[in-house]
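Residue numbers (the working numbering), protein chains in the order written: chain A, 139 to 1052; chain B, 743 to 1169.
Think of the hints as simulated: they come from the structure by calculation, not from any bench.
It is possible that part of the hints are untrue.
Unchecked claim - What follows is a list of derived Cβ distance ranges for each label pair: (1) S819/B <-> P952/A: 29 to 37 Å; (2) H774/B <-> A507/A: 47 to 55 Å; (3) E847/A <-> P1115/B: 40 to 48 Å; (4) T1107/B <-> L717/A: 18 to 26 Å.
Said to hold, decoys possible - Some chain A residues well away from chain B (every beta-carbon gap over 10 Å; in silico): (5) R165; (6) L294; (7) Q296; (8) R361; (9) L429; (10) A806.
No residue lacks a Cβ here, since even glycine has one placed at the ideal position from N, Cα and C.
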Amino acid sequence: MSSRMTESVGPGSPDETVEQAPVPAPRVAVLITSIPGADLGPALAAVRRQVYEPADVVVVASDGEVPDGVAAAETLEDAITGSDGSIDYLWILHSDARPRPDALNALVAEVGRNDASLGGSKLLIAGTGDQLESVGSATDVFGEPYSGLDEGEVDLQQYDVVREVAFVSSVSMLIRRDLARGLRRLDRRLEPVAAGLDFSQRVRLAGGRVIVVPSSEVYHQGRCLHHGGGWREEAGRIRAMLKAYRPLTLAWMVPFALLTAIADGLGNLLLGRWQVGARHGAAWVWNLLLLPSTIAERLRLSSMRQVGDEELFRFQASGSIVLRQLASELSDRFLSIFDDDRVLATGTRRLWASKGIIGAILALAVGVAGLRSMFFAGIPQTGFTFPFAPATESLGRFFGGWNDAGLGSSAAVHPMVGATGALSALLFGSETAARVLLTVGAVVAAIVGTGRLGGRLGLSGHGRYLGGLVLLAGPGTGLLIGRGSWAAMVAAGILPWALRSIIDHPGDGRDRLVKAAWAAFYVAVLTAFLPVAALIIVAFIVGARLLGIDRVSVVLGLAGLSGAVVGLAFLVGDPGFMLDGGRRLGLDPSPLWAVGIGASSLAAVVLPNWERRIAVVGSVLSLGLLAALRAPVGGPGFEEATLLGASMGAALVVAAGLNVLRWEPRRAVSALFAAAFVVVSAGVVLNGRVGLPEGNLNERLGFARSLEEVPGRMLLVSEDATDLPGSARPGPGFFFRVVDGTGITLDDVWLAPPRLGDGGLATALEGVATGSELRPGAVLAEYAINWVVILGGETAFEEVLRTQIDLVPTPLDPEIRVFENELSVGVAVTESGSPWIQDGLGYRGEAEDGVLWLGVNADRRWGPGWEQAEWANSVSAAEGLATFGGNETARAYAIAAAALPLLALGLAAWRRTR
Amino acid sequence: MRRYAGPVAGVLLAAFVVVAPPISGMAPEAGHQRTDPSLAVCHTIEGAGRTSSIEVAGTASGMARATVFVSGEAIASREFTIDRSGGGGLAVSDLAPVGVAAVAVETPSAVAGVSVVTSGESSLAAGTCGGVPAPMSIIGGASTVSGNSLDLSLINPFAGEALVNVNVSSESGLEGAPALTGLVVPPLSTVSFDIAAMLPARERLTFAVEATRGLVASHLTMSNGEDATAWSAVEPAEDWYLALPPLAARSVVISSASAADLSYQIDVYSSEEVMEAFQGGSIGPRGEVTVDLAEFSGEAIGVRVIATGPVGVSGTVMGESGLAIAPGVPAPATGWLAAGAGSVGDDSVSSVVILNTGIEVVDVTVASIGGPPQATIYSLDPGSVRLVELTPGRGALVDATGEVVASWYAVSPRGLAWDSPRPMPDG
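Excised from the complex, chain B in its bound form:
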């Protein structure tokens, strides 16, 4: 009997080894939800009669830090206070005597909007400082006709170098721009291109920026001799919203980031009605469509763009005092931080345009940040657009009971500024 005991034990053990699950080894902990650093990358201009200031509007007080970097080095860095209202700001001239430079702004809370307001004797521009850029971004609505100057700036705010390809398309189709392919943007550096010299007399220009290594933030600065405007690239998406101020000339530019044809539809939210499919059509590969909204002149309107592929949307507004271009936002939100709103100067009027994209009435609170404490509550019907004038301050907080879309603009004799603020995360 003993003769068989061992072999039987062996067979049973073998069966157990085969059947029983193995014990796995040491495993890494679960990865955390990725959150971007509290960073905003701003494109600033000092000189030629213009100066930039950095405006912060957030929900938390504390110390923010602005760092100017040029040619791979942080040449100046300074902390500034974000007050209890969440507002703060800094003139770039107080940081460093630089011309065109990039400034990285670190805020005490990730929930903060940062804008650059650039003003001169005859110009005014406002632009949101983007957070961590996307590997692929698109920026359209530019033109080099009529002597417009146009500069493309690629900002690398990070420690690693970026390798970038920029595809340029115009009404002529894909432009050959070898200088814009295989670009190396060194760490903590900005690379700028005079597009007007490179591609003159183009009515519509779209830049698709793709970083194959590292990340860059892309900005366009355009001047028509009377006014200047600056806006930044956006990550392509299929839905876009814009709240347009009540100015005479308005248009929406839809830029395709797709290598294939795609269809689009524009819904317009006016004071009278929601005009679904106000316009629709198709866009060729990396093409661009401009939709003129002149027929709605004089009233604030909202626009929704739906596309069957990734597109970027920007709006262009022109008034008596100048020109402004702002990117759209890809989604409505219940709160918006309009940094810089109300900070443009005593000779200007700043207002917020609020669009209720939902199907229910929402109550909207508009509060000043960094200025005299003031909050006004408004009720917005579904699909309606409301214009709210702002008191002076560092910015404004738009807080709604439902999802809305907001933008702010300022009109002054020096020029026109218009910007899409930063949405607040839910909760």
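Just chain A, same shape as in the assembly:
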């Protein structure tokens, strides 16, 4: 340290006095401001050790506790005004500062030499060796200080040059006494940094120069920083700016400062820090309360002002420092998702050396390229992929409202209806934005999540991200998504995160409760899109534990399984979704996948221990679930879960197989199979719709909306169930389902179990299908069917419609055959024949005496004045509104389903805050 000491220029320095004229050395009075908690004795001792002997030492202590023999003043202003007229400089020093013996000497010398009015010392953090606290600072226009120092940066004399700065800290500053008297004092309402800024700005506006003198080193205990809290510093800086700027500057600075505070608050909220917003609020409120005092200070300063605001701007950084820091932190957080090493955050030089980053970029590039058609043509509307209903409607249906799919039911809707409704609501009711966000997000989340899952399992190579492509389009998911299951795509995005959440990682610093909360949250969200997700979780836990991956926690798994409550209402309402093998979609992956994964399992024997275990767990998970798919029990929900789980397992095989990309004979076979899986999956993803089928059924069926004000109900028929939207019912020689002519939405996708009307319609269709019914239109009109649409290839049903007299063939589309039923009066019609329209969850129309025939499955909860009308309902038309009272059981389940992830999130946030 001694080698770095600045040469003494004080009275004790013979060199300075030999050749110079006998100019008397400037007289300095030291004003030590007492800081609560800081011991005055060592401060006074440090002052006494100064090689430049001060002329006077005064302790500023409002509580009056001053050692004997030392002059005291109650306020800094008293001390300044009471200082002797022979004093040239005042050295204002905090009592928690420990200046080196030559600190004052250096200050006096450099301030004099540079003809400055105010000089500040270089502050080093006491007790850390040589960590820098401040070497003068710049600010932005809002007064936010910017030291330019990195956290923990060590003093290597890299800043040791005397220069003008925006401000110096009030911890140790030397000021001309005459100027100090003119400026009167430090603003005692301000915290140290803000006070320094305020004083420095006033000095500059009064025509003085503000410099930092790095050769004046002061160790700072920082006790003053603990006093008053961060919001007081911010409030002080705002006050400093309000005092210093001219009105014109304030006119734009204040609104911008407010907006910046709001943006910073919201941004920090994303990072889980609510306190920042509160701090901003408190700072502005504090300034509002002290506005009269601030105005008085402005008036006082105006008499001394020598220069304009431009002089302040010279030392300010452009833009907003807080927003820049926020953006930097957000991008750090984002980039750290891809790389646990935070390599992107610490510098691009190490970017390409980072393990896994190339795999991530490659996989994401394929994923984004896989979305390309959707950017131009929109997300397909076919299969099980349809736009969301309005948020209020979706949420209403989820919370026990009427399930409008087909001829309607009180059975609970698929939980994804609630999840998408909630997201739409969060996005201010924009269903389109929510749909796009979920679709794009699912692709990214699947890739990143698989990478993170691999990372949590101990893999660090490229394969873990490339495995994400296999998760998206592997043996099962490729088929599901190819069948149009958008929910499977979203579930693929969530699944790896859910599995990751049940892996206990001691090094992540979270307590067990937070981990359990996250596990419950992820599984709950996963279950919303994959109601039988619990099957995969259980299979993963069992497989991993049996095959030696003990990180997979049974306890966390059980906590995660509590998230399965989200799917309960739906599964209780439609047990066949989980159990009825006769309702499956009949998706069966190519046996080549099983052969490849089985061979990979065998090839993994020669892999290093940890990679081998992961590959084997992946193989067994995938093949075990594919084997389970051979069981005759298990409905479409079971089918979804097994297929998605099979892809997840294959993704783990890829992650392990491509974990290290270098030529090693023992890795070759595994890598070869893994690469093949990736190539095949990438081919599926790259269809432009991430494997989703092409088509816009809503557009194709849009003729009903074009032709009729109340488009009515459509009966869709095809010999191939894949031509129909969502789930279908089997008819004699064909599949059929009923949709609303206003358009198919996501809540229409899954049909509830058949009820009275569904049975009647099936029977009616059997009659029509025999060809013996000359007037099928009259038969179908009883079910309010306005249109019969034949999709796909020619059907026997279509053949019988050649010999009937009341369904009018309407050539609207070359690829579909449309028959209009002019006998149907609509879904809701009054006795006088006035049609009512669907309005949210109910029906609305002109009020009239008599009853409304409501062509949905009979349910006594419809009202007012419900009566059963064969398979349908009859309600009073007097109020102009027909509403469904709600399914209380489904509502209770839904509340539990909604509460669980929120509670889990809340618990995690609470524990984090603590």
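We have chain A; now place chain B onto it with these hints.
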């Protein structure tokens, strides 16, 4: 050991997945046997001194409905009662004041025969109303010589439009009739053509009607100035039967629906013997052969036509009172519903001609429908033909213990009516 447990499990599972059969997905239910609707399509004429009535003869009582449709619209529809005997009827003039129109008749049971009987001061005609038409049908036996008028009517009784091509052949070969190709027959409409004006002086005309979209029922109405007759197209087949009434002039017309040459053979069942291969020969593509049966005049006879390709067969009979043409039937049956038989009027005599085409004796019951309850049982030897006079009514039921072929005819001073009734399904 644990090192190998997982991989071995993986291999075993993979083997299971490859070997075990997949579970198929949801499948549609088995399709039902196709049955046509209980519909009969009739061609009716009102005006010019002629009026039509619809006659129903069935096995079930209930309400039937007759709907008149013209130019895409059902202009009138009316229910009428089918009594307990299975008979019922309706005068078209009670339905709607239309000229030439098509009427769709829905019966309470699929087992019912429906006929139109059109009579005027000097004409009488009877024609079975066909059910759901076939996509391809053929109708022959027409002529435009000697000032005969001939109208072809294409009736589309269904909700979808039909696209039709009609190939016309005559003794001159294939006729060029561009007006009859690419025809659009709108839903619930009838399109008629004056063939006599279009193709005059043709001795033999055959119309092959092919619907490329939708379905149409084809009818011919021919008048020779003394009498008028109407008959409908049939779906081509290789076997045909006709039971011909005992009139002076009789002939059978065989019309080929094939684009290639085909051979035919005619067997005649007379009172004396069964003359197998009474005549045979070949017919050119879409050609027509007329076989004169004058040598059997005075007795009821039966005819069987066997061809090596699809043909249509119709019979032409002429008596003192007029002319009648009726299509043959493609197969014998154990029961026949002769709607309209016995309904022609008090000045007429209606009879049923029954032919036993089998090799065993059958007992035949002939019962009146819609008239006084009366049933007579007859015994028919193999290959024999029997004539049974009918009592007045809406029709007649011919019920046999074996397969027979039946037709009915009526002779009155106003004209001659002859028709092939509708077979009853077995059981």
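Outcome of the hint check:
1. Look at S819/B against P952/A: about 34 Å separates their beta carbons, and that is inside 29 to 37 Å.
2. Taking the beta carbon of each, H774/B and A507/A are about 49 Å apart, inside 47 to 55 Å as hinted.
3. Range check, E847/A to P1115/B: Cβ separation about 58 Å, and the 40 to 48 Å hint is violated.
4. Restraint check, T1107/B to L717/A: a C-beta distance of roughly 59 Å breaks the suggested window 18 to 26 Å.
5. Against the 10 Å criterion, R165/A stays outside the reach of chain B, whose nearest CB is about 85 Å from its own CB.
6. L294/A, annotated as away from the interface, keeps every beta carbon of chain B farther than 10 Å; the closest lies near 53 Å.
7. With a closest Cβ-Cβ approach of about 56 Å to chain B, Q296/A is found to remain outside the 10 Å limit, as its non-interface label requires.
8. The claim that R361/A is not at the interface with chain B holds, since no C-beta of that chain comes within 10 Å of its own (minimum 60 Å).
9. With a closest Cβ-Cβ approach of about 73 Å to chain B, L429/A is found to remain outside the 10 Å limit, as its non-interface label requires.
10. Every beta carbon of chain B lies more than 10 Å from that of A806/A, the smallest distance being close to 16 Å; the non-interface claim holds.
In terms of the numbered hints stated before, the structure departs from hints 3 and 4, listed from lowest to highest.
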